[in-house]
Each structure stands twice: as structure tokens, then as C-alpha cells.
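*Asks:* When you get a sec, could you build the whole thing from the sequences and use the hints?
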Amino acid sequence: MREFSLPALYEVPADGNLTDLIRRNAARYPDAPVIARKDAANPEAWQDLTAVEFRAEVHAAAKGLIAAGVQPGDRVALMSRTRFEWALMDFAIWHAGGVTVPIYETSSPEQIAWILSDSGAVGILVENASHATHVESVRERVPGLRDVWVIDDGAVEQLNAAGAGVDEAKLAEHAAAASADSPATIVYTSGTTGRPKGCVLTHRSFFAECGNVVERLRPLFTPGEGSVLLFLPAAHVFGRMILIASVMAPVRLGLVPDIKQLTDELASFRPNVILGVPRVFEKVYNSARAKAQGEGKGKIFDKASATAIAYSKALDAPGGPSLGLRLKHKLFDKLVYTKLRNVLGGRASHAISGGAALGERLGHFYRGVGFTVLEGYGLTESCAATAFNPWDRPKIGTVGQPLPGTVIRIADDGEVLLHGEHLFTGYWENETATKESLTEGWFRTGDLGTLDEDGYLAITGRKKEILVTAGGKNVAPAVIEDRIRAHALVAECMVVGDARPFVAAVVTLDEEFLPRWAEEKGKSGLSREELIADAELLAAVQQAVDDGNAAVSRAESVRKFRVLTSQFTEESGHITPSLKLKRNVVAKDFADEIEALYR
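Residues in the sequence shown are numbered from 945 upward in steps of one, following the working numbering.
These aren't lab readings, by the way, just hints derived from the structure by calculation.
As a list, the in silico EDC-like pairs of lysine to aspartate or glutamate whose alpha-carbon atoms are at most 20 Å apart:
# : residue 1 : residue 2
1 : 1241      : 1277
2 : 1417      : 1357
3 : 1339      : 1426
4 : 1524      : 1455
5 : 1408      : 1442
6 : 1504      : 1491
7 : 1204      : 988
Taking CB as the label site, the calculated pair distances span:
#  : residue 1 : residue 2 : range
8  : 1528      : 1240      : 38 to 48 Å
9  : 1417      : 1490      : 11 to 21 Å
10 : 1468      : 1231      : 13 to 23 Å
11 : 1337      : 1467      : 40 to 50 Å
12 : 1270      : 1532      : 52 to 62 Å
13 : 947       : 1204      : 41 to 51 Å
14 : 1270      : 974       : 43 to 53 Å
The beta-carbon is built from N, C-alpha and C at its ideal position, and this holds for glycine as well.
*Replies:* Laid out in C-alpha cells, this is it:
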């Protein structure tokens, strides 16, 4: 058993709640722009709100909720894409004394019904009429639900008008009702292995989490200088943590609902910190490389990429980069790296990444071009990050050191255990599941990992996902899958082989990159089915598989693979909103294809 901890950098208030952040910002930074929303008259422009202006909007919306009958402790659901109103109403719910229950905007009526009924929500704010229709279709199964407000139909304005008669004393009473140990939110897990469970996160959880993240990454969260563009789902605990941390810092925060326009949004907002999941950074790299190849500059890009990786690795070696490497790096900075940084807004020097492993190759590539991706690790139950790489001492290939003030322990069987104020207090009205996961203040993550001598954590797999081949070899699928998925052609990959004679994989192709590849290879006239059977394409996927196999022993390597004609998507039920594979669903739906690998 091994464990590592770091002293806390932030002291959680003895009492109070997250509404204090809005009040503090207005008093301490009254004229500082703390949040921005899209200008209705000019969709390409951003309208900044000062701390005082944001407080006024939060208070007005909160009074509307109070007028609607929201009482301290009531659960109010929020179902919307990531947009200004998400942040506004989250803080408004807390000011009304309520508990926010996020629901992914892609959720099915069945999922909506379960979360609303299980949480006992009294009201829900939805983004649009389609969401409202889903809610109405299951309303008879949620007898406690009183109100449905539709943001696109003027919900905020309606609440503002309804709350005009609520006085400041009543608002203050509701806002002060919650203590540090009161529930702030109930975030439902993705449900990869069954019905989602509601994780109860308190105001203390977020104070401990966000306070220590901000202090450890303070150069990236400097008031008056920092800015964060949030495009990940605010309904996910990672996006939510960044939202609250940005308000806590405070730094200028922008929220983007449509990542299809991400490049344009980055250029207009120009954040100094970007957060994302590995797939985002993989796509940026693959798109830049494909563009260079299309312009006949592929060899230059590949040399620049190799130089960036070598330069980053040399930064960790005694003596640092050689003079020759520094000169090559300077040349490629002018030719390639500057253009790539401009794609990311031109101002960002760091990114925060979670959800899966980025991989050492891309980690070194990005640091080499002057854009360091700080990988972290966490779960809904740990209020997002429970480990992350510090800005001044990142160790590529790991998910960093423990959140200050917390402890990470590696059990004798390799499971990662967590302890700290940031942890959830239990699963909502599910004592059995809570007892299974929390033991004497330690949370059993179900993940496997190692700690090095400096306390940097590496995640090696999940206990429940470990495959045991017919030959008795234990295989952690994530290690190989992450490497294979890094290839531009690959969208998703799932390794199989439990109780089988060897390890194999099913692979889906990237919908965006496949047409580019076909055009580049002169195969644009082929149908999708013909492309999937094309020898050159299969050789390219084999290259991705070979790269994944390089990370493991021969007994763990993928011997055969099969390219599927369909995709793993959230709509198809194969991926959660947080982009995790529902392995049991994939295995069931593609049983014939998997079986064919062993014939």
C-alpha cells in the first residue's frame, strides 16, 4: 500500500455557501468582467458583465424562483447546453436556497424521468421546446414536478418579472439557508453499467475542489488577466468545476453551446486557458496535419512535429535542449507552431484535460509547440479533479499529483483510493451503494493506478474492465484503446478478449476524417462499405493497432480487429454524455461482429 498527499492551499470557510462568491466578487472586484455572453445584436461579439452586473442578474432570477415557491433544500433541475443561462441559473438556484440537478441536454425521456423522480425535483429549466416536450411526455411519472421553464421562450425574463415583488431580505434569507455541508448539487453518474446514481456534492466539496485548483494553478487564474472558454457540458462535473473555479478566481468566463464553431469562438474570445478532453486535442492535431498535407506541406509539418516532441522531451533531460534543437525549434515556431497556437485563440499557453489519457506523444507535441496540456484525473464522486499536473512541474504521461489537501492511496490490489473534503457525501437515497463505495472516509474509485516517488499518479485501467484471457493473462483495455484512438482515422475502439484465446478489437472510423483520407488517396468515389473493406484503409487502421500494441506485452496485444460500419454515439446508446464507452451495450449489440473475430 502506498499513499501521497499535499497540504491544502485553500481553507474551506467554516460556514457559508457558494452564493458568497457572487457577493464577494461584487464587493472586491465590482468593475471586473467576470462573465461574457453572446451579443444578441452581433452573434460574433461578446458582451462582458461586471461582477456587480452579474450579481444583479443572479439576484433577479433567484427572486423569480422564490416567487415560484422554491424553498431551501428543494431540487431544481437544469437541462441545457453550455451557455450563459446555465451559469446564471445555477447560481440563481443556490441563491433561492435550492439544489441544482443537472441533466444532459441529450438525455432521453426515460433518463429525464428517472433523474427528476429520483431527485424529487420541484421544477426544471430546459433550453428549448424539444426538451420541454420530452419532460411533458413523462410528467405523469414525476408527480412532484410543478414548473417547467423554457430558456428559449423567455424563462429568465419571466422569472425576473415574477420576482419583482420579492424583497432583498427574503432573498438574503434563502441565500443564507444552506451551510457548507448542505447539498449544492446532485450530479447523476453516466450510467455505464446500469441506472445512473445521484452523487451528492456539498458546497464544501466545491470550495475544497475549486479553491485548491485555483490556488495551485493561480498563474492561469489571475483576476483581471485570466479568461476561460467553457465548451464542455456544464452538466458534467468537470465543466461545472471549471465554471465555479472561474467565478471563484475570478476570471472572465465564456460559455459556448456549439463546438462545431469552436475555432471561431476561440478566435473571438481569446482565452488564456482551454479545457477539453483528449479527443478535442487529437482532432486539432489531426486536422492541422491533414491541412498541411493538402497544401503539400505534410513533410514540413511532420518534421515540425518531431522537433516539438524532441524539444519537449529535452526539457525534462539534464542540460535541456541542445543548441541545434533550439535553433530548429525556433525555425518551426515561425513556420508552424505560431499558426497552430492561433487556431487555439492565439493567447492560450495551457489547457486542462481529463476524461481519458492524452498519450505521451501528443503531450510532448503540445508542450513543444508552446501549449502545455495539463492532464488530470477525477470522477463525479470526487467533484472532478482529484489529481492534476501542476503548471510549473508537469510530468507528461501521468495525471499529476493529488489535489492539495487530499490523499491518494494505492491499495494492495492496485485500486486508487481517495480521501478529502472534496469527496461526495454519498449517493442520493441509496445507502447500499454509498456503503459499497465509501469506507471510513475513503472512496473506492474502481480505477487501478500507480504513484511514483514524487506522488504523480498514473491510471492503468479499471478493475471491472480488466479482461482475463483464456490463457489467464490480465489485460487493461484502456492502455491500448487510448493509443489506437489517437489515430486520425479512428473514432472509437473497444478491446475484447475476456475468456478468449487472444485479445481483439472492434473499431469505428472518424466521420470527419474519413472523407479527407478518401480524397487524399483518390478513393472519393468509393462507398462507405467499400472503404471499410479497402486494403489501404485497413493497413492504416493496422498501423494504429500496431501503435497501441507497442504499449503492451505480446500477450496483451490486439491480434485481430474489425472495422464496424456504424458509429458508437450517445444517440445509439453506446457512449455516455461524458464520452465513456458503455462496454456491455457495445458487446451485446455487436456480439456477432465480435464472435467473427474468433472464427
